[in-house]
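Protein chains: 2
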Amino acid sequence: MWTVHDFPSGRVKESHDVDIGQEWLERVQKSTVRLDGGCTGSFASPEGLVLTNNHCVWGCIRNLSSDEENLSETGFLAIEPKEERQCPGMRISVLRDYENITAKVHAATDGKTESDANQERKALLSRLEKECEDSSDLRCESVSLYHGGEYYLYKYHRYDDVRLVFAPELPIAAFGGDPDNFNFPRWNLDMSLLRVYDNGQPTEVSHFLPWRAGGAEQSEAVFVSGHPGRTNRLLTVAELESRRSDYLPEQLIYYSEFRGRMLEWARTSDAAARQVQQRILGYENGIKVWRNQLRSLADPVQMERKRREQAELRAAVMAQPELAAAYGEAWETVERALDTWFTIKDEYRFIEDRRGFSGSLTGFARTLVRGTVEREIPNEERLRAYRDTALPRVEQRLFAETPVDSGFEVLGLAFSLDKLRETLGPDHPVVKTVLGNESPRALAERLVRDSRLSDPMIRKSLWEGGTEAVASSDDPVIELMRAIEPRARELRARYDNEVEAPMSKANEQIAKARFAILGKTVYPDATFSLRVTYGAVEGWIEKGEPVYPFTTMGSTFDRATGEDPFRLPASWLKSREKLNTDTRYNFSSTTDIIGGNSGSPVINAAGELVGLAFDGNIHSIAGSYWFDPKVNRTVSVHVDGMLEAMKTIYGADTLLEELEIR
Amino acid sequence: MWTVHDFPSGRVKESHDVDIGQEWLERVQKSTVRLDGGCTGSFASPEGLVLTNNHCVWGCIRNLSSDEENLSETGFLAIEPKEERQCPGMRISVLRDYENITAKVHAATDGKTESDANQERKALLSRLEKECEDSSDLRCESVSLYHGGEYYLYKYHRYDDVRLVFAPELPIAAFGGDPDNFNFPRWNLDMSLLRVYDNGQPTEVSHFLPWRAGGAEQSEAVFVSGHPGRTNRLLTVAELESRRSDYLPEQLIYYSEFRGRMLEWARTSDAAARQVQQRILGYENGIKVWRNQLRSLADPVQMERKRREQAELRAAVMAQPELAAAYGEAWETVERALDTWFTIKDEYRFIEDRRGFSGSLTGFARTLVRGTVEREIPNEERLRAYRDTALPRVEQRLFAETPVDSGFEVLGLAFSLDKLRETLGPDHPVVKTVLGNESPRALAERLVRDSRLSDPMIRKSLWEGGTEAVASSDDPVIELMRAIEPRARELRARYDNEVEAPMSKANEQIAKARFAILGKTVYPDATFSLRVTYGAVEGWIEKGEPVYPFTTMGSTFDRATGEDPFRLPASWLKSREKLNTDTRYNFSSTTDIIGGNSGSPVINAAGELVGLAFDGNIHSIAGSYWFDPKVNRTVSVHVDGMLEAMKTIYGADTLLEELEIR
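In order, the protein sequence lines correspond to chains F and S. Numbering of the first sequence is given in my numbering, commencing with residue 8 and proceeding in unit increments. Numbering of the second sequence is given in my numbering, commencing with residue 8 and proceeding in unit increments.
Everything labelled a hint here was simulated from the structure, so no lab data went into it. Check the hints yourself; a few may be wrong.
For chains that are exact copies, the list does not tell them apart, and a pair is met inside one copy or across any two.
[What the hints assert, rightly or not] Lysine to aspartate or glutamate pairs mimicking DMTMM-like chemistry, simulated, CA-CA at most 20 Å apart: (1) K295 to E257; (2) K439 to D565; (3) K137 to E339; (4) K37 to D346; (5) K352 to E486; (6) K550 to E507; (7) K352 to E549; (8) K295 to E552.
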């Protein structure tokens, strides 16, 4: 997961005997796009066609569906651009430029108290982003690397009009569902095509990836560019233990119950089934990730290695008086911050983080209640979520014509209110204020029924009306979020000053200590910023048996049972005879990816697309904490599988003509 | 949790200045009863009246209810004995005698290999139990104390005809539901009265506890007798870590999802609501226990103490060559056993332990498939569940007229089949055999619809028809359990020989090492055998604030919201004016109890009943691993609360006349 500005071409040459030059890197950088929801894509034609995963556009597909027309079931194909349908609220960004601002950030915080440094850092980043945007037509976001060891300004071109071009049916895109998720061999057509528009016209883009028919052979070097979201490989042992004992079990308990509620509710009506159909896969994905992360943190060998590495680093720091004075306290500072976190975590998660108030309506209300207040104070003093450069996105989400599924909304809100009471107890002041004499279910039903926040025009008028309009609103969801705002703000302030501030300071110290002692031998933890990883097409050894790195389209039919999640769509059943069944379909590679890389192009040394990353194998989940090259594998759709499906099953001839197929 | 044969009267005298003699102990022993489902009760009159918790008879209440008559909602009161209703399958036992068989067991296993010793131990226990029953009219069960450090034969009088006499409504018995569970202050009338019968007549019993009006005052010494189920205080650190990293998270993930499914399913019809109403509280109780057990194992101070104690014991063993030779290997043996366990645990749980095949029907089928085979081999070679002395209970459960709730049955079976596939993967041979091309839901629906095992007569005829009848049965649930039996047996054999056998040996070694070095300074871990704990009526300090140890009946009305789980039944609302609202209702004490103590009498030094234990406070959950006297509290219904409710709310005058109230 190397940055494009620190890519180790020498190492790649050494291990894979291929030359990766500046031109290759720039083309890959400018052909790789970020989807705001936390995915990656790649330009596939000069006319702004974007290839990404099917599961990266589920939100769009759901927003374009209704009880009458379920695009998850039918799939979608626009024969001509005019049939392409805008995805409400979707945005796509391309990294165009970057600037190292480490010295500025460190200079602004050096010598300050923890909480002053924390505030000053955030103020400076807000200012630098704003100055950057004021002086260019790019969107500027600061990026922290190595947990504060380095800071960059990343400058993006952003497309605010994104349209759906092609999506196969959910049953084949997510064939095998949760049981097969994170497994390989695999048979998923987890692809979709989007297009970026400007002024109502498809946009011409300067860079794109040609597709390489035939893909890459076993052992061939491949690269994955993309926006991996979050890894935790540089965390201290105390932080890992806190994840093991608290964060991961709590996530699992909360979302496992919600999963059960969704699955049973989905059976009560067709509308409920449709509202749950895709969402459930996202939650199940999370559960599988957390569960296997927890398992990986129970691995005594790996944890012992972490302990040893940390002890060695600490010892090396303490051995040099200068380093000891500058960084020696860092590990104890982390433990102090975690102790404080432990005393506020339940309230913080449920009130400030809204775990007790889940859903779109409470999300809109929080934005309105908080954002209108924040907007009135100077940019650099605001919470970062409402800084000037973030406001266009805040507004875009607030005003987007995304439908609110009221059934799902009640389900989620009733559940989260129930958990709020369970976690904080019926006697907690916020619980009493919120519930009064109502049950969580009755309250959720009343709120969703009576709120008007599902109407984008109402949201817009409240936002434009500002603090006064929001303060006098009698919308019950606004009233609810207003009622908890004081306590939420208190919790946020405690978190910022007593948890985030010491953690930021300690992490920066540890990063600098690592640079001083070990040099820059590892790449930074993932932070949703652009990275390129390299490896090769390879299987692995599972319980003593070799796993072959390719599957074929034909074997999909052997795995199909006719029942979800092993049900094939009619289009596939109909095309079975015409299909070239030997076509390579999915494949595995040794590249290092993590959530956020979904939709990433898999690229050969010539800069051609050979696959579409959509998952990892089960061992890839431990990649959150360490990369084990023996077993950690990326799972991708093979370029030949996409081409054969588009041609033989979906008749997407115009799109095939648009692609540059080599 | 001392045994009656090792009760430390001297210590009690020292700490509480009361004299507990042999007579007191014998009366308490013979007045305390065990309910087969895992609860405790006490005789309350010479006519065989038994006081226990309401939540200990939920199974009976459900079995006596129907869609037309829901006794959970209405409550139940028999004015005369002829109105008392038999609880299907319920049994009650009283410990009459005991015999120390430690020397016999150790002599039979000394010097044998791990798995030979394991088999020999089980064979001997089956033989001793059988000889005991053949030579008396008591029911004999072996009991292991200190994880094999001691063995006893416990001899019970058993009552097979148990009838429901009185049960208040579920909403007041479990007032506050899951949110208030394990909390205090508390307002629960978690009581019920049963009666034991012989030959269709109420049984006269030799011992019972008179009730002490006024109860016990703050700081007064109190005792709790009962059958605590399971504590893990003498476990090795490796076993605790295994619970933390595997058992507890897996329980939480599984049952949290099932909880969610139950709650949403309960909303689909009145019948579903009734089938879930009580059961959900049991599952929620489990989730709260596991979650807080997990939290307690994340306590670095307590875990560090465990590590230190173990290291000290090991060091003391290794310091004496004789002890080192005899016991030194034990801790490594435990780790070896756990390593093996880790490789089979998923299959063992889902196939042999039936986690993938939950419900009554698969339970009956397992008993039929396995029990008919086991019955045909010699008593001492059988699996212990089917030894001669266990068969009457096996048959009683198999033939009991307990209704099978088919909706709940489908819900649970579909869920567990889904988890079977999720855990073992769609390619596991058992998963493929079981599911074929069916979905978990479709298979569960078909099995429950087509099976005839809900009919006790069918079960009886299969049981009596033996292996031949079972082998030729075309009942689909029998077919299912037959299909998985070979793999289940293999897993069981591996578990017995490679996990249980080394663990048993190691645990016995550790117990002996502890006796040798530390003497018998602590009581044995709970094993559902009779124990007596002592303490005093006390509150505690919670987050700096003192908690007063009593609540009053009147304050119940302040807490009621009208909505579940804070809804009061009509009987209470109607009686509010007549009620003596200052009556003490629930109270807390420093006694050391755990699950299985539910329904235990709280007794004063005079041997009179002053309360009815029904729960612990939240800190009592850590009692699974250590007892912290500063915060661990028992929560009980006060005797005055029971008397006032019976008199003023329920008009249970005949029962009040029957009690000996002092």
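Hint by hint, here is what the structure shows:
no.: 1; hint: K295 to E257; in the structure: both (14 Å within a copy, 12 Å between copies)
no.: 2; hint: K439 to D565; in the structure: between (56 Å within a copy, 13 Å between copies)
no.: 3; hint: K137 to E339; in the structure: neither (35 Å within a copy, 61 Å between copies)
no.: 4; hint: K37 to D346; in the structure: neither (43 Å within a copy, 50 Å between copies)
no.: 5; hint: K352 to E486; in the structure: neither (24 Å within a copy, 50 Å between copies)
no.: 6; hint: K550 to E507; in the structure: neither (42 Å within a copy, 25 Å between copies)
no.: 7; hint: K352 to E549; in the structure: between (39 Å within a copy, 18 Å between copies)
no.: 8; hint: K295 to E552; in the structure: neither (23 Å within a copy, 41 Å between copies)
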